[in-house]
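The listed protein sequences derive, respectively, from chains A and B.
Start counting the first sequence at 1; every next residue gets the next number (the numbering used here).
Start counting the second sequence at 1; every next residue gets the next number (the numbering used here).
Hints are computed from structural coordinates only; laboratory data are not their basis.
It is possible that some hints are incorrect.
If the Cβ cut is set under 10 Å, some of the chain B residues that face chain A in the computed set are [what the hints assert, rightly or not]: (1) Lys236; (2) Glu237; (3) Ile256; (4) Lys265; (5) Leu439; (6) Glu444; (7) Gly446.
Think about it this way: if two alpha-carbon atoms lie no more than 25 Å apart in a straight line, the pair counts; the simulated PhoX-like pairs of lysine-lysine are [what the hints assert, rightly or not]: (8) B/Lys133 to A/Lys63; (9) B/Lys329 to B/Lys372; (10) B/Lys120 to B/Lys149; (11) B/Lys481 to A/Lys11; (12) A/Lys18 to B/Lys491; (13) A/Lys18 to B/Lys289; (14) B/Lys485 to B/Lys424; (15) A/Lys18 to B/Lys18; (16) B/Lys485 to A/Lys18; (17) B/Lys321 to B/Lys491; (18) B/Lys241 to A/Lys63; (19) B/Lys485 to A/Lys63; (20) A/Lys76 to A/Lys63; (21) B/Lys236 to A/Lys53; (22) A/Lys53 to B/Lys241; (23) A/Lys18 to B/Lys417; (24) B/Lys417 to A/Lys11; (25) B/Lys424 to A/Lys57; (26) A/Lys63 to B/Lys481; (27) B/Lys269 to A/Lys57; (28) B/Lys241 to A/Lys57; (29) B/Lys414 to A/Lys18; (30) B/Lys246 to A/Lys11; (31) B/Lys18 to B/Lys329.
Just so we're clear, the structure is a prediction, and the values are computed from it rather than from any experiment.
Where is the CB? At the ideal position from N, CA and C, for every residue including glycine.
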Amino acid sequence: MERQEILVGLKEILQLIKPSLDLSAVNENSQLISDIGLDSLTILLLSLAIENKFNIKFEGAVKFNTVGEVIDYIIKAKA
Amino acid sequence: MKNYFEDMMPAEELAQVKYIPTIPEFVTWIESKWRELPALSDTVNTLTYKQMCDAIARKRAMLNAMGLAKGDKVAILDNTTVEAVEMFLAVTSAGYVVINLPSQLPAPAVAGCCMKFGVKVLAAGAGFMETAKAASCKVIDIADMAEQKAPVAIVDKNDPAAIFFTGGTTGAPKGAVLPHRALMRGALNGVYAPGHQLGCQRYASVLPLSHVFGLVRGTLSVLYEGGAWYAAANTKETISKLPMIKPTCLVAVPGICEILLGLVKMYGKPFLGGNLRFIIAGAANVPPKLIGEFDQLGISLFAGYGMTEGANLTSGNIDVKEKPTSVGKIYPGQETKVVDGELWFRGDNVFLGYYGDPEKTAETLTPDGWIKTGDLVRFDEEGYMYIIGRIKNLIILSNGENVSPESIEEPFYKCDKLRDCLVKEDEMDGKKVIAIEILPRIEEFGNTPWEEVEAYFKKLVDEVNATLPTTHRINKITVRKEDFKRTGAMKVSRN
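Turn these sequences into a full structure, and let the hints steer you where they fit.
This is how it looks when you write it as structure tokens:
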């Protein structure tokens, strides 16, 4: 999958989790907590939604700061 | 009329469950009572009650072979797993005392806890062996067991069975020592539910076993009623497997309930498995909005009240539609009284004291066995209880009057656009004032500019202020973009 395609998929999930989010401002550098405004609960929800949408598994304790880091993980997991 | 809780169950079901005062007797009883029914499952392999009790007996034999003496302490460091439940029941049915360590503890804290409580053996799950190595006591693999089986020990109902960390939303963590009688009373009270059929419920276990709610209501009550307990490797995995587990019941904190609603919005109701009838929610304030949203899905969400020192459940509410802000009626086996507005209770479920801290124990437990809860309550004319606030959180006004922040927060929780709020004492221009921090349910605001979100809550504060005595009015408002600091049970921390 291309990075751009994954980013579009992530934005679709983020829109469901945070309908108020300005998706046009979300890019690979967006910080999950300080820019997008996720908290511990919405991060758990995001991870479950990503697993479902991209058919991957987050193994062990994984930490992400930015959208780009999530995309990196998805690409590796699908490789 | 027996009482509110016992009347919920069909008489023939109720007759089957009696109060069993110790864990060794309980383990023996569930083995003979529910023998071939499914007991514990990691979602791949499932053990019957007979198989589970065999594993517990072999774990007991392994512990006995280590030369432990009655009352010695064994700590468990693991996620919510089948092995952790077996080990908990093995330790306590062998007469030792168990400490379930929170799984997120870093290595130095694990070592410190083992030292503080004089732990002799630390049983660690597969992913926790490295962390466990920091402890100076003997470390074993939680999956270990002997070839042969050992019988249950003979214990007194007042013997200590487990130590749970407690601190709630205020104060430093303490170790609450719970005797066998308390855990078993808490477990039995959890069994009462409307129209509940024994031996056929399926539970997905999403709470940590280091929390009394996850251990007593989420696990021991399940085994008491012959239910099947499912847990995958961690909470996220268990939630993602709900369509396969098909639970009939869940025991959860409100934060987990919010996640489940989010998943239903994304993937539809089938994500919950299709069989979910009710959710027992506790350990934090349950917003009426949550109750309403689950009701629309045909799922009853019951709220309750309890504390670690009382082995979890002190009251429960199944009439959430009629009494959405009540924490319900008092569970059996307890006496209650209200002293200067504070709830006191005593009964089988009362703890023995805080480990190594007679001073704190004396502050909470009276010589004649009453727990002073620190919670300000009121009862309505039908006996339903309402929490007004915590004594420890009282704000002392400049005129010497005390005001409970929770009582000011309560009307705000009726607002569907508010996720959480916190009222506290603050300073403004060198004067003490009452302040509120508000966390919006941001998804309710669509693309509304932030200034308008703030204006919305300022107007709400004005409306609430108009209903309050002048001295109780809020003078300072902060609308938060980031979540509050939360406790392990996802409650807003007041520290």
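Just pull the numbers of the violated hints for me, sorted ascending. 15, 25 and 30
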